[in-house]
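Asker: The primary structure of each chain is shown beneath.
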Amino acid sequence: MAHGKDSKEKVVFVGDSRVKRGSGFITPPDYTAYPGKSEAFIPNFLLKEWMVGVVVLVGFLVLTIAEPAPLWFPANPSASIIPMPDWYFLFLYQYLKLPYASGDYIVLGTIGVTGVAFGSLLLAPFLDTGKERRFYRRPIASSLMILSLLAIVYLTNTAWHHYKVEMADSGQIPENVQREEKAAENRAKGLPTTSGNQQKEVAIVDKENPAMESFKKAGCVSCHAADLKGASGPSLRGVGDKHNKDDILKIIKEGFNGRMPAQYDSAIAAGLTDKDIDNLADWLSKQKAEAK
Amino acid sequence: MFKNVYNWIDERLDVTPIWRDVADHEVPEHVNPAHHFSAFVYCFGGLTFFITVIQILSGMFLTMYYVPDIINAYNSVEYLQTQVAFGQIVRGMHHWGASLVIVMMFLHTMRVFFTGSYKAPREMNWVVGMLLFFVMLGLGLTGYLLPWDNKAYFATKVTLEIANSVPWIGPIIKEFLQGGTIVGAETLTRFFALHVFFLPAVLLLLMVGHFIMIRRQGISGPL
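Residue numbers (full-length UniProt numbering), protein chains in the order written: chain A, 1 to 292; chain B, 1 to 223.
Please keep in mind that the hints were generated in silico from the structure rather than gathered at the bench. Bear in mind the structure is a predicted one, so any value in this text is a computation, not a measurement. It is possible that part of the hints are untrue.
Unchecked claim - One-sided and incomplete, this derived list gives chain A residues near chain B with beta-carbon spacing under 7 Å:
{"#": "1", "residue": "14"}
{"#": "2", "residue": "31"}
{"#": "3", "residue": "36"}
{"#": "4", "residue": "39"}
{"#": "5", "residue": "64"}
{"#": "6", "residue": "69"}
{"#": "7", "residue": "71"}
{"#": "8", "residue": "81"}
{"#": "9", "residue": "110"}
{"#": "10", "residue": "122"}
Where is the CB? At the ideal position from N, CA and C, for every residue including glycine.
Pulled out of the complex, with its shape left as it was, chain A reads as follows (with noise of 0.2 Å):
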């Protein structure tokens, strides 16, 4: 049985579980092959391990303070951007750049040159099997890896040099330093520092009045929606922004740029008089967004 204290089984369970009993730990290799002294693991070396880690962190938290991450305006697809990929990416943005990597050459580019170096780093250690381990006893292992890192090296510089002087040439100033001025600007005028997309709602103006009715009376929920911001149709909240009652009644009987039909004749249809559509009107060209 694989159970019990006196078990002769190579694999021994606790109790009646299917846990397995450890005899012991896996052997730690016999370092006393080495030249010179080891130590523990715990508590020794993890103790000064920790306090280089606690440098380490020291140093990080100064970088986080002295320079804070960089945020730029709210994403905004009509903007012209010069863009950028984070640092370790560029090398491989420049390359994709380059005449045999890009436009005709581009399977060269992504599966060619950029698989076949990625694939062979992933695998170095089925290509280079030799048993020995230094570097300068490897020569073709090494010099390609030195080759790839000063490739690297280069095209990251020639990356970063030409992002300079494109935003030089077109005379930009990187957003976030932009957005930072701008709120401090703000600051000491005492108005609001965000940049974020302020979402302002333009409320109905005079829900009560008695031409809401006739709106849904004539059908115009329909296509401008019960709560007027719109559904086949334009939102029609903040329309006395953009005409005027009398411009509100043409559109009424006679349409809208070939988009809206005459709405005239069905509003007669539908019960409403001459008065309703004239209030109608009237009421429309008051849903200005800054009333009150």
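Using the hints provided, position chain B relative to the given structure of chain A.
Answerer: Chain B in isolation, oriented as in the chain A frame:
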């Protein structure tokens, strides 16, 4: 009291070998900077782990404020950066830590490469380590979009165009990452899910494998 509790658990689950595997081993002289200063090159792996822990912790705190949708993402990051107490430091740690972890991992990889430590019998650990590297780059890539500022938006557009140019599978990768035909709301939620759930899960699994292997095989000997 503690001893009794420990014994009670150990009797049932036999935990002693587990922690002894982790804790009870020696550090040979050739990797110990206390004996040879040049052995500091052996510290980069440990520092990578240290920074990774910082990334996980600071990231956990960031998710307390971050909102992954295109209307509020920027606002929540800006609020965190400018209003929340220590928010600037926590975001700074995550932002700069992302670069630092790449640096440390790169130096660790170079140490392993130039000391030939990936040679038999440690080939599998090197492969797992390279996969860790790729996952870490993926984390950097997906995390870059999350503040939803102009830098993030345009860099991601370029990245997706590059992914698109890969033959055959390119358009599929692009659509998978983009979650539609434009970089928009779906892209942000996908990158968020990848950055916070999928990639860290893979990262942790690979790390466990990395550490078990190094414990089984021991550190490579002196040159």
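Asker: So which of the earlier hints does this model not fit?
Answerer: The structure conflicts with no hint, since it agrees with every one listed earlier.
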